[in-house]
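K.L.:
Listed below are the residues making up each chain.
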Amino acid sequence: MPDKPILNADEWRIADPDRPSEQLSREQLLEMYYFARLAREVEERLVVLFRQSKVIGGLYRSLGQEGESVATAYALERRDAVLPLIRNMGALMTMGVRPIEIFRQYMARGTSNSRGRDLNIHIVHLPDADADEPVIVGPISMLGDSIPVAAGIAMGARMRGRPRVAMAWIGDGATSTGAFHEGMNFAAVQKIPLVVVAEDNKYAYSKPIARQMAIRRIDERAASYGIAHELVDGNDMLAVYDAARVMVERARAGEGAQLLGVDTMRMQGHAQHDDARYVPKALLDAWTAKDPLRQFRGVLNDRGAAHDRELDDIDKMAKDYAAREAEAAASEPLPDPASVVRGVYADDPYTVPKLEFVRSPFAGSPGLKTRPTPEAVAGDDT
Amino acid sequence: MPDKPILNADEWRIADPDRPSEQLSREQLLEMYYFARLAREVEERLVVLFRQSKVIGGLYRSLGQEGESVATAYALERRDAVLPLIRNMGALMTMGVRPIEIFRQYMARGTSNSRGRDLNIHIVHLPDADADEPVIVGPISMLGDSIPVAAGIAMGARMRGRPRVAMAWIGDGATSTGAFHEGMNFAAVQKIPLVVVAEDNKYAYSKPIARQMAIRRIDERAASYGIAHELVDGNDMLAVYDAARVMVERARAGEGAQLLGVDTMRMQGHAQHDDARYVPKALLDAWTAKDPLRQFRGVLNDRGAAHDRELDDIDKMAKDYAAREAEAAASEPLPDPASVVRGVYADDPYTVPKLEFVRSPFAGSPGLKTRPTPEAVAGDDT
Amino acid sequence: MPLITYLEAIRQALFEEMEADERVFVMGEDIGAYGGAFKVTEGLHEKFGDARVVDTPISESAIVGSAIGASYMGMRPVCEIQFIDFIACCFDMLTNFAATSRYRNGAGVPIVVRGPCGGGVGGGPFHSLNPEAYFLNTPGLKMVEPATAYDAKGLLKAAIRDDDPVLYFEHKFLYRRIKDEVPAGDVVVPIGKAAVRREGSDLTIITFGAMVHTAFDAAAALAGDGVQAEVLDLRTLAPLDRDAILASVAKTNRALLLYEARRTGGIGGELAAIIAEEAFEYLDAPIVRVASEDVPVPYAPPLEAAFLPSVDKVVDAAKKLVQY
Amino acid sequence: MPLITYLEAIRQALFEEMEADERVFVMGEDIGAYGGAFKVTEGLHEKFGDARVVDTPISESAIVGSAIGASYMGMRPVCEIQFIDFIACCFDMLTNFAATSRYRNGAGVPIVVRGPCGGGVGGGPFHSLNPEAYFLNTPGLKMVEPATAYDAKGLLKAAIRDDDPVLYFEHKFLYRRIKDEVPAGDVVVPIGKAAVRREGSDLTIITFGAMVHTAFDAAAALAGDGVQAEVLDLRTLAPLDRDAILASVAKTNRALLLYEARRTGGIGGELAAIIAEEAFEYLDAPIVRVASEDVPVPYAPPLEAAFLPSVDKVVDAAKKLVQY
Ligand SMILES: Cc1ncc(C[n+]2csc(CCOP(=O)(O)OP(=O)(O)O)c2C)c(N)n1
Ligand SMILES: Cc1ncc(C[n+]2csc(CCOP(=O)(O)OP(=O)(O)O)c2C)c(N)n1
Ligand SMILES: [Mg+2]
Ligand SMILES: [Mg+2]
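Residue numbers (this note's numbering), protein chains in the order written: chain C, 1 to 382; chain V, 1001 to 1382; chain R, 2001 to 2324; chain G, 3001 to 3324.
Under the rule of at most 20 angstroms between Cα atoms (straight-line distance), these lysine to aspartate or glutamate pairs were calculated in the DMTMM-like manner: (1) K3319/G - E2278/R; (2) K2319/R - E3281/G; (3) K2319/R - E3278/G; (4) K3320/G - E2281/R; (5) K3320/G - E2277/R; (6) K2313/R - D336/C; (7) K2313/R - E2293/R; (8) K3157/G - D347/C; (9) K3193/G - D347/C; (10) K1191/V - D2050/R; (11) K2320/R - E3281/G; (12) K3320/G - E2278/R; (13) K2039/R - D2180/R; (14) K2193/R - D1347/V; (15) K2039/R - E2016/R; (16) K2313/R - E3277/G; (17) K3313/G - E2278/R; (18) K3039/G - D1274/V; (19) K3313/G - D1336/V; (20) K2319/R - E3277/G; (21) K3313/G - E2277/R; (22) K3039/G - D1275/V; (23) K1191/V - E220/C; (24) K54/C - D320/C; (25) K1054/V - D1336/V; (26) K2320/R - E3277/G; (27) K3157/G - E3042/G; (28) K191/C - E1220/V; (29) K191/C - D3050/G; (30) K3320/G - D3217/G; (31) K3193/G - D348/C; (32) K2313/R - E3278/G; (33) K2320/R - E3278/G; (34) K2313/R - D2217/R; (35) K3319/G - E2277/R; (36) K2193/R - D1348/V; (37) K2039/R - D275/C; (38) K2039/R - D274/C; (39) K3319/G - E2281/R; (40) K3251/G - E3199/G.
Treat the hints as calculated values from the structure; they're not laboratory data.
So here's chain C without its partners, still in its complex pose:
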């Protein structure tokens, strides 16, 4: 939709050596690649499970959006808060959620974070105040509702004296909801450290973005609130990281809420049942050429960070890991029907499995303290 995605030219440019991404170590670059690939492979595995009717209900892919999802989350500190949407598998992988948690959710296992009570990525993690873990609050289906909640999380953390930046993702379509508006305005007035990532992926279900809003750039959705906003090429992972990092730092520094628009493309239908015949083929083709993972491989090659062979190895590692995790989850039990009435109120203490977190095989790098510290390679976790 936009003429040309822009970065905030005032502060830095792609070629600028001050770009935050210039500070990323080789391991970190590889780690970003790994998370994006892992997100894709987890979803590919979900497609297999879906075809086997092991996924209950719908399956929603983030194909083509893994890059922005990872790169935005990669700009956070480990203890920050994330409020992902259904297409932010990349953010969840980046925050260290063990893939098995996703499979458990999609297959409605009793071992899942919601114990089979809620769908897909509707997971919640509220760590102890001292734990070196992120806050994760999955969405409810009512679009937009996450935004006020995200504002409240960042506000509440500040009140508790343990400030966290909250990052919430929102689709182009979801920005049309009243809840989005109220949450954005509230965050702006209260100067809350909230970074909203607004994903222009060209469609909301069947509806092209022009039927959703009469503005040309999604980041202008922030203009009514006095919230700083920028638009970035969502398929250029380093550009996304740069923009997100600057915004996260600004939010952390007390400059208030920020909105980052990402220009990207939903490469499949809304969900698996949707063949998306309403999407012009030319549009898809143009974006296929811009696949974020392929592009990022090019960047890694160019920078001399990794050869294709090494990247192929990472691909394989991610794929195998996803497969093992899926298999492990599939062998876990469905919830016990007798548990259906448990845990509605606090006076019925019904235990919830805590989400498991893992560290990536690249987590040993120094530098930004955004990633989980090293401990084990992924393979050891299954």
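Following the hints, put chains V, R and G with the ligands in place on chain C, whose structure we already have.
P.N.:
Relative to the frame of chain C, chains V, R and G with the ligands by itself:
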């Protein structure tokens, strides 16, 4: 709040002879003055009734805002639609609502448009398609809800092949509601001929506008929607008329929704019970000096449209008229308790008194077809 | 007569009403060329175009609010809520604006708000709700929910022609599972009238929507044990058909209230109150409710099965009731 | 013991809880220096400052949504809805987000949402509602409504300390009309416990909020005619105190359900269903509901008086009931 209220400099300036207000006849200028004065006098009379405990519930004044309220409505054609808020007495007078209707409502008379069922200006007028009358849809108390409804009125009228511009007023505070957002965005996407007048009167109840929004100009509330917006000095009636008229014409021409921000001041508390001690005296003093009626008298003098003596006569006429109307309403009965269960569904045909409309004593002027045609001076209507 | 599904019946009603009355138009999310999440509006856009098939932003309050406005101008909007769960997002607009308008100022709001309700398809907490109880305390609204394809068509036609706001709940479990002979053309099922679907003498199962079919199955099982259950399909949930309810209870002297929403605070309460107040003389046993558990709708199939009312639960409750 | 008003009792509870627990904070519209539309929060801002008295934009969904978020971080937000009618504007956030959170992911939402409800003051259709029935079909929420100053304090303290979301309805008619002896300091009225306010043997009036006082007056009038009414004050509307309800009905054998909301679809339905299901054996007469008319709340005093339940209406209904 804004540095300096602006007009859209691209199209016209105050001094521009193409200003729409330059087309106004002397009678029209006097009529605008009359409507604003009448609005004030009706409210002054309501204060008397309030003190006599004849007003049920709260009384909300528009003191200081009569100018913008009249001048925006004056930009409409007679058959357009208005969705006023509680402080748009001026708009109601301008659209020709007979003052007695207001008194009936505030005193909960059985003769009122709502038959004592609803408050103050919660009145509705849906004329026959061929009647030369405005659509009037008063608000419900839930702030913001009028905006989607206004969009629907203009959309529905267009669908019926009898297009009308809809004008809806909204307070600074009410722009924070989700309903406002959804309605604005909907109107923008559907290119609906809706003109929203956003009133920055510095406060929403006790809250200064800076606690309501982090933008500096209220008209920027339209920026997220791709809706054309301007800000105007709300106490300069001709400037407001100019800006509103341009927007109304644009909307009518199919250019879609428009938002006019007006920079004004609520000169009393939120309602009569509120002494507004939270308003700095200096602020009030500054705005007292800018009283829209006083300013407009100056304009009329300068233009040679009327001497003070003539204007004093108008003042007296308005005051007497308001008094007579109030008295007439006060003598009307309260609703019959037995009627309480009537008319919830269509199958119980419970008659609703149609709103009465009157023409102003100045309605004989040619020119814009915005006003009711002449028929009688106000005095004859009581 | 053609055999069509519940879903096709809804589509047919929309199509015919739009053809017959140019004031009727549809609005909602993805209802245009795409035909809606469940394809209910498929073909409408092709036939009637953008002007009468308004594909809206994701803004339930704007959908209902603008429908109110359009109805004031003489239009007859039919709003689709993609899943009826999202009606929570326009609760204010419906209960405060639409429902009160006629009473307050005589300004009728002839809109229909329709959408898929109900569980049984693994939809989880936010795609499975039965929201009727949210709106039962709001005079000025009408509510209907068909159990058959015939009623799906006839009630929707009645709703569109009604001069008041009507919430039309269509049970997604029935969309493609239920087929009826439904005549083309005018089929109008009056709002406010329940239907005795099965005669019986031992107890009355008062129900509606998908649960009518559960009641049938339960009645069949009970008949095997010599218990004759009457099945009363409410069809309209507001205003309730008190006469039909009371007449049936007067006949069978036992009432089993079956509904898919959560038990507490559900429509069964209102039904129980009507019966306990006005048919007390006739009651030979407690009024029994069979409904879903008082929890959010769970997602995993074994949980949802445990959550929902079932034939077994109805049979058990009915047996206890007749043995009382 | 100091005699304080219902309103002062609420303020005292807020004050004491904020003093005792730094996690407690208040948010809402005009609740800062201004002290709120009814001055309930007067003095809090002076004492606790901007940090713990958050004056918000006019955004009920943001108020409740951000409270949910803050509660996840360990805070205990108390949200004021300026008039409880506006709770319709955050219906989605409450029923879908707050109410389901613990069940879905074990994430408790210890928030309180409070605001003035009820009629009798000429507030008209949008400033007079009693919204309890809107929320009764939503497991995960709790609801309370005090009838006395003592309970106003004690229930608010309990609500703030509760680990689940609690809707706290305060009846604006009682704000300054009711005074009680209320001790300073810890007064906690447990959630889920009704109170027998007046013992009686001939019928039970089950009620809450402002209607408790109507019930008292009716009971006094009835006593003059030799009818002894028991008055059961529910205090908690969700979850209901079934034991207390059933025990009282078992004793008096007659139930009169008195509530200020509209009759149809109101909480009386749930009460009737519980009684008709579980105390059927004890019932000697129909269950009777006395409630408001099924219309929007009208504004003119004569209409509102006709709309609301009154002592006369209760006395009439009670007499018929005991003569049954
Ligand atoms: C309030 C609400 N209305 C409607 C829906 C149904 N719905 C689910 S996803 C979706 C499209 C979302 O589009 P967008 O926000 O652009 O996100 P994307 O799917 O493109 O990532 C819709 C309409 C919903 N979940 N919530
Ligand atoms: C949804 C909603 N929340 C709260 C209120 C209570 N309320 C009534 S008027 C008002 C202030 C409105 O301020 P603004 O919109 O600026 O209009 P003004 O009074 O300044 O004209 C508030 C908070 C309401 N009417 N509706
Ligand atoms: Mg999208
Ligand atoms: Mg204001």
